[in-house]
Each structure stands twice: as structure tokens, then as C-alpha cells.
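When you get a sec, could you build the whole thing from the sequences and use the hints?
Protein chains in written order, with the numbering used here: chain Y, 1 to 339; chain C, 1001 to 1312; chain S, 2001 to 2322.
Simulated from the structure, these hints should not be mistaken for lab results. Fair warning: there could be bad hints in the mix.
Derived list of chain C stretches under chain Y, where covered just means 3 residues or more per stretch with a C-beta under 8 angstroms from a C-beta of chain Y [stated by the list, open to error]:
no., stretch
1, 1214-1222
2, 1243-1257
3, 1262-1270
Cross-link-like lysine-lysine pairs, in silico, DSBU-like; alpha carbons within 35 angstroms at most [unchecked claim]:
no., chain 1, residue 1, chain 2, residue 2
4, Y, K199, Y, K131
5, Y, K130, S, K2076
6, S, K2216, Y, K87
7, Y, K123, Y, K62
8, Y, K150, C, K1065
9, Y, K129, S, K2216
10, C, K1251, C, K1264
11, Y, K199, C, K1268
12, C, K1149, Y, K281
13, S, K2216, Y, K34
14, C, K1201, C, K1108
15, S, K2222, C, K1273
16, Y, K18, Y, K281
17, S, K2003, Y, K130
18, Y, K143, S, K2216
19, Y, K131, S, K2222
20, C, K1108, C, K1065
21, S, K2222, Y, K84
22, C, K1108, Y, K18
23, S, K2073, S, K2132
The beta-carbon is built from N, C-alpha and C at its ideal position, and this holds for glycine as well.
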Amino acid sequence: MAETVLEIENLRTSFNIKGNYYAAVDGVSLTVHKNEVVAIVGESGCGKSALALSIIGLHNAKTTKLEGQVNLKEQNLLSLPVEKLNKIRGKDLGMIFQDPMTALNPLATIGRQIAEPMDYHMKLSSAAKKKRVLELLGQVGIKDANRIYKQYPHELSGGMRQRVVIAIALACNPVMLIADEPTTALDVTIQAQIMDLMKELQRITDSGIILITHDLGVVAEMANRVAVMYAGEFVEIADVNTLFSNPLHPYTRSLLSSIPSNMTDKEELHVIEGIVPSIQKLDRKGCRFAPRIPWISEDAHEDNPTLHEVEPGHFVRCTCYKEFHFPEDQVEDENYVTT
Amino acid sequence: MSLLNVKDLQVHFPIRGGFFRRVVDHVRAVDGVSFNLEPGETYGLVGESGCGKTTTGRAIIGLNKATGGEVLFNGDNLANMNGHDRRKHIRDIQMIFQDPYSSLNGRKNVLNIIAEPLRNFERLSPKEELTRVQNMIERVGLSPESIYKYPHQFSGGQRQRIGIARALMLNPKLIIADEPVSALDVSVQAQVLNFMQEIQKDFGLTYLFISHDLGVIKHICDRIGIMYKGRFVEEGTAEDVYNNPQHLYTKRLIAAIPEMDPAKRFEKMELRKEINNAYRKEYDSYFDKDGRMFDLKPLTPTHSVAVQKGGM
Amino acid sequence: MIKFILRRTLIMIPQLLLLSLIIFVLAKQMPGDAVTGAFMGNPNATPEQMESIREHYGLNDPWYVQYGNWIGKAVKGDLGQSYTHKQPVTHLLAGRVANTVTLSLFVLIVTYAIAIPLGIIAGRWTDTWADKLIVTYNYFSFATPLFVFALLMLFLFSFVLGWFPSGGSVDVRIETGTWAYYVSKLKHLVLPGMSGALLATFGTIQYLRNDIIDTKLKDFVKTARAKGVPEGKVYTRHILRNSMLPIAAFLGYEVTGLIAGSIFLEMIFSYPGLGQLFIQSITGRDFTVTTAIVMISGTAVIVGTMLSDIILSAIDPRIRIE
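Here you go:
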């Protein structure tokens, strides 16, 4: 296996809500290797963005409690004071944000914004900085870099701005990148371009990437490994081919069958019953997905479900996957029995 | 007869400039769009942001003023009617919006939200109104007591149901759905799409479904119009457009849909690269000397394409 | 940029014309005129005498003729003759304009010098004791009427402590132009200036504090932190520049407040400025002086708004349009 870049161990991120702390990320462990894209996929409220912000330390320290370890280059980022963390953020650890329309400072030129991380992490003359910025602009596929260098964010299209956001993240050659929904706010053709660009860049930079997304299509296009997240926990981890060819956890299977993709015809889409539990009301003892699949008998679940390695590198939480079936299928079974 | 017949619709917005801020030019948001909607079908308008799909929908219902062309609804031209006349026709057309979080007034309870179209168009006693709202709220799968709750007490999918209930109150014939599921998670999106198909059968609705999501459009639409820069580039059945795209822009859009088979990702990347190269090379040949895309020419009875210079 | 400033300046012409017209018509609607004012309390004036004086000054002409005469002369710098002071209005105003402008600038500068640091502290360290103290001061300054506060200041620092003079703009015994003369001017400025400034900080502190709290949560600030920008630089390089935008936009409004405030201040501290003259001219029905002062104040507001626009366009690239 390739060299480990980032190691998350039993990370728990809790938010203070009216005096009590509730975990939005609830005991997550993950290892990212060099040149590997690990996708974290789940629906809104599953804790994936909270996880991303925990890694890079962007939560409000007053209202957030972080436990566990996030190890990068033999340092636990969670235990570092901000001054030390600032030596790592923007240098070894880059971040790509979701919305390119708001991620850039409206009052500063593109050149200035890409050069900024170099001010703090690299000893470069201003001419060398400029040279590096133009080089980065070229790398992210911006043609007339000299003109864009002097422009302001509002003068660029959404796709161009996202390229700039990526250039900022890459400025100091990070070993680890976190991309939080990097294509969600973009048009389809632009999304395709940015996905292809990131694949291209990954080939030349060999940094590890954590890709946060809700879109399984983006996962299929970009990830090497996938962690499916539900209610603060990983419920399934597998390499990308396995996840799409042999999904096991009921949540993964439900998600896949609710996508109106190329494969499904005009038939009904699968609907997941109920709603995502809020972190205050979440029952943290049993299988967290159990309330969404009430037709599966209680005995199928285990107490305090853990991740089981069902085949090398393929982990599934709780035992309920063994007996899971869609309700439609059950109806057919019953008919079969009665007739 | 078609339910809706849009003929050469144009919506131009003025651009002001120069020293005295005179009108120097126009943004041709919608520039000569024509299509028909047959009763009971779902017609998809698809394209990227700024292509004019939303403006087209809004012009049909009168939220944007059509600066040219006709919007024939049951044979009556809505485009040149004044507000008073349009009102009589417009109750048969309702709109569903993208964001269920902001399209409902947070200070009104569900009863007041859903009853609003009734109050605008019909005079009912409070009791009659209440029964009609209660029937509708049960029909869209919410509990009867929820009519006294406020929008923030519902989930995104439920809110979109409330929006749909409001649209259905006057028994409309046509529903213009502008990105109705774009703000929703996939599992909730599935819920709303299924529900929209269900009520389409029950209420005999015709949908004009506006979306940027080609997967959703393919799933729900019978016929599709692809828009680019305020014009149609291609129109046909879902089958025609997805399995036999003719216009390079359509091909480009379809190639942009994320590949769901991880094994084929680099293949897809190469395909996109090829199409993009061709697109860059041939781009100019898709526009006439005024920079306007060519008109649609029928290929088969159901499938038409904006022709290319020198092509076809 | 130059084109923008030019256009923005040209827009002022119709604004000023409209302003002058409104002022003129409104002033004409006031009961009585200069003649009634001048002869007020004089039992010997006969209506015939008063009528002949009206005729002499053109006060019986139709209003548009009077307006035309007035505006025509005003453009040339002649604002007419004061009926009560029997001297040209421009002459009467000259020294007072200088005084009021000095006082207003003093108030403006002190206001910003207090409000901007306090707003930044309150916005950056929200919910600390410093923030709570600043917010309390802010509510106090918002709720306290200027004339009550100014009287208190006058009583405390002038009568009780005797640190500052209680009235006037300069000690008349000192020779003009000497060092002592300017020190005396400044001494006379401090009490009215501080009274005005301490209460005028409200808007700026409130705006700045709220805007910093909003901007702190913006995505581009997250981007800055993710770059490893030290906390202090996150504020100076990213947050403050954005948060100063509404303050710049507020400048025009601030000028309006200054003018209203200077009327109170000049009355209470018997400071010989426009405000004081304004009140005198109204009670004396000195029509030409009143209109001239209102016109000057209105112009100041219009110029202030223009300055706001120009400053905004200088710091915000989104407004730099041709």
C-alpha cells in the first residue's frame, strides 16, 4: 500500500446546542494514502461537512468540541494551537470549497488571492510568487493567465472561479486536499470539466484527497475509495468498484436505487421512509438506520453496531445488511407464499 | 389540439449604457422559442444556467413580459393580454418553484398558504375553504392537523408537497415546475418525483418541467427541448435526445452526466475531451452571421435539430 | 473612474436645482415675510409703508420670477441682502460657514476616531466584556437627547471644572493668526465637538459591529483561514475592508446628522455658526438668510452622498463601471 498521508482516529465532533453537546461526527476513523481519492458520501445532515471542517479546524472553537485524532505529518491537528495549525493549513493541507461565488474575497484581485498562502508558507520574491501564480493558473486550465491575474472575482464565471479556488488550494503543493462538494454549485458541463481537471491534477500532484459529496455520480467518476456516511457514522467503506457493484448496507442500496440515473426506466424511484434524525433526537445505541427500514425485523440489527469487514477492505456497519431487502420485493414474496 | 402552443416566444431585457444610461442593446434571454404541449404529457426544458429555460417558463405564466411571439393556451394568446384578461385564464396554469424553503411565506400557516389561490379566485365560506384545504392536504400525504403548522416545522420534501398542494388548489390543467427537486437530497427528490407522477395521473395534469438535471429530466419527461443561449438546439422524445443526440451541444451535455460505472471514468473523460475539441472547432458553424443559432429542422416526426452551417 | 466621478458630479446639477426649487417654494409658504419680521414689535409701521418696502424688494412678484432672480444671482455668488442684518447674505455667512465646517469636521473626525476602533473591537470579540461595554455605551448614546447631554457637558466641564470656555468660537482678546489664537479656537471646539461626536458614534459602531459579525461567517473568510492566514491578518486583509463598505456608504447620511446636530450644538454653546444664524433667521423671518442656509446644508448632504459613492467605487471593484 502507498504511504499514509492522513489518519483520522475515532474523531468525534460535538456541537453545543442549548448547553448540551451533541455529536454530529460520531467516532469516525479513516486513512487516506498518497495519490488516493477517498469520497465521503451522504445526504444533508449526515455530518460529512462537519467532518471536513473538523479536519482543517474551521469550526467555532467556542461551540464545538473535538475529540479523537487527525494525524498529518506526525502531528495531531486537533491538539495544535491555532498558530501552529496555521503553519499547516494552506501548506500541507489545502481546502476546496463548495460555492465559488462566495469563496473568494470580492475586493481582492485573483492574483493576490492565489499568492496569499505563499506569503505565509513560502519564502519567495514577489516576482517568483507571480511566476508561480501564473503557472498555477495554467495548471488549472485558465488560458490567458496574465489577464485573469489582475481581475476581480465578479469578472469571472462560476467555472473559472472554481478553478481559481482550486489553484489557491494547490498553491503550496499540499500533501492533502479536502474538497467539500467542489462541483455541486456548478452547471453540468462545468461540473464535468472540474471533475476531469481534478482527475488530471491528481495524476500530477499525488496528494491525497478527501472528497465530500452527496452525488454518487461524482463519486463514481472520481473516487478510489468510498465511505458512506449516515447520522454521523460511516455505515459502509469500500473501494469504488465494489461499492457500485456490490453495495451491502441498506442505506447505500437505498441511495443507489433512488437516483434517476441512466439505468432506471420510467419505473418508480425508491423512497427512503421517514426523515434523517436530528443530532439531538438521535438514538445512539442501536442501528441508526433501523427506523428508516421498519419492515426489517429488530432481530436483524445488533446492539452498538460496529463495522464488519465482510471482504478485504469492504466494511459494513450492523448485521442488518444480511437480511435487508426492499419492501417491494417483500410484497412479491408474500404473494408468492399465499398463492 | 395542443394545450399550450408557444410560437416564436421572445423575452428581451434592455441593457442600459453610455453617459445617459440609454438602452443600447438587449439581452436576448429567450429568442424565438416554439414548442407544443399535448394534454397529459410531461415536457422537459433543459439547459444550463442562463440558457433561458426559467425565463421561458415565467413568460408563459406572465411573470416576465413576452416581448414577442405568442403563448396560446387552449387557443387564447396569453402573451398580448392585459393583466385583467389574463387572470381569467391564468388560474388553469400554476407554478411550482425550486426552493421549498424560500417560496413559502414563513409567517403564514399552511392553511393560509394553501388557501391563498382559492381566496384570489373563488369566494368561499371559511368552512368550505377549510374542507377543501383539508382534502388537499391529505391528498398530498400530510396529516390534517398540519394545516395549522408553519413552513419551518416541515422537512424539505414536505414543504415541496405544500407548494404542490397550493398549486393544485384550483384544479389547474398545466403546471410549470421550475427546478422543483434541485434543492432536495436524492432520497427526498425521489419522493417528490414519484409523487408528481402520481398526481399527474390523478388530476390529469400536464407538466412543463424545467431542470438542469439531465437524469431527472430523462426520468420524468416524455419529450424534451434542449435550450442554449435563449434558443432550442434540439427537441425530441426522451429516447431521441438521449440515445440519438444530433446537436453537438446536446452531445456535450449528455457526456457531462457523471458516469455511474467507475470502470468507465477515463473512457468518459476521453469522450468529453473529444466532444469539447469538436465543439471548440465547430462552435462558429452553429451560429448564423448575427450570432443567432439556426432554426430547428425536423429530422423525424418527433425529433428536430438546429442545423449546422454546411451540415445536413 | 474619472468618467464615473464626472457623471456622478453632473447628476448633482439637477439634484441641486430641484433642491433649490423645493426650498424656495417651502420658504414662500412660511407665514409672514421679511417685512413682517423686520417690523415686528414696531407699532409705528403702517401697512402702506410695509407694502412699499415689499414692492421695492420685489416681494410682490410672482414666485417663479422671484425664484428666477434668486437662482440667477445665487449662481454668481450673490445670495441677496439680509433684511434684518442689512448686509449681503454672503458676507454674513462667510465667517460662520468656516466655523460650522470646522465644527462639523471636528465632530466627524472624532466620531470616526471613536466609532471605528470600538466597532471593530465589538465585532471581533463579540460577547466579551469589552463588547458588552461598547454595546451599553451605544445604547446610551442612542437614547440620550443631544441637548440634554450637551447641557450636562457644558455644566460639568465649563461651569464646575472650568476646563473649557462656555461659548463663542475664539477668545476675542487674542490677536488673529497667532499660535495662541489657534489654541483658543481648538479650546472652544472641544466641548461642542465632543458632545456631538460622543452621541454620533451610534450608527457607525452599530453598523460596523453587525457587519463584522456577518462577514466573519462568510465563505471567503473560511478560505482565508484555510490558507493559514494568521487571525490578525484575517481581519485586516479580509474582514475589515469588506466591513468598511457600509460605513463609506453611510457618510452621506452622517453629514445630514451633522447639520441637524450643529443647530443644537451652536445654540447651546453659543457657537457663532450657521445653525445659530439659522434659528435667528427663522424667528426674524429673514427669508434670504434662511433659504441660503438651507441651500448650503442641502448642498452639503448632496456632496456627502456623492463622496460616499466615489469612496465606495474606489474600494469596491464591483462598482467600478463605465
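Tested hints:
1. 1214-1222: With 6 residues in contact (Cβ-Cβ under 8 angstroms with chain Y), the coverage given for the stretch 1214-1222 of chain C holds.
2. 1243-1257: It holds, with 5 qualifying residues against the three required.
3. 1262-1270: holds (count 6)
4. Y/K199 / Y/K131: holds (24 angstroms)
5. Y/K130 / S/K2076: violated (55 angstroms)
6. S/K2216 / Y/K87: Satisfied, since the Cα-Cα distance of roughly 21 angstroms is no more than 35 angstroms.
7. Y/K123 / Y/K62: holds (33 angstroms)
8. Y/K150 / C/K1065: Not OK: Y/K150 and C/K1065 at ~39 angstroms, beyond 35 angstroms, violated.
9. Y/K129 / S/K2216: Given that 35 angstroms is the threshold and the Cα spacing comes to 28 angstroms, the pair holds.
10. C/K1251 / C/K1264: Holds, because 17 angstroms separates the two Cα atoms, which is no more than 35 angstroms.
11. Y/K199 / C/K1268: At roughly 12 angstroms apart (the allowed maximum being 35 angstroms), C/K1268 and Y/K199 satisfy the hint.
12. C/K1149 / Y/K281: holds (20 angstroms)
13. S/K2216 / Y/K34: Distance ~34 angstroms between S/K2216 and Y/K34 Cα, so the pair holds.
14. C/K1201 / C/K1108: holds (30 angstroms)
15. S/K2222 / C/K1273: holds (34 angstroms)
16. Y/K18 / Y/K281: holds (14 angstroms)
17. S/K2003 / Y/K130: Between S/K2003 and Y/K130 the Cα gap is close to 31 angstroms, so the pair holds against 35 angstroms.
18. Y/K143 / S/K2216: Holds, at roughly 33 angstroms.
19. Y/K131 / S/K2222: Since the Cα atoms of Y/K131 and S/K2222 sit roughly 26 angstroms apart, the hinted pair holds (cutoff 35 angstroms).
20. C/K1108 / C/K1065: holds (29 angstroms)
21. S/K2222 / Y/K84: holds (17 angstroms)
22. C/K1108 / Y/K18: holds (27 angstroms)
23. S/K2073 / S/K2132: Status violated; Cα separation ~55 angstroms.
Violated hints, listed in ascending order, are 5, 8, 23; each of the other numbered hints is respected by the structure.
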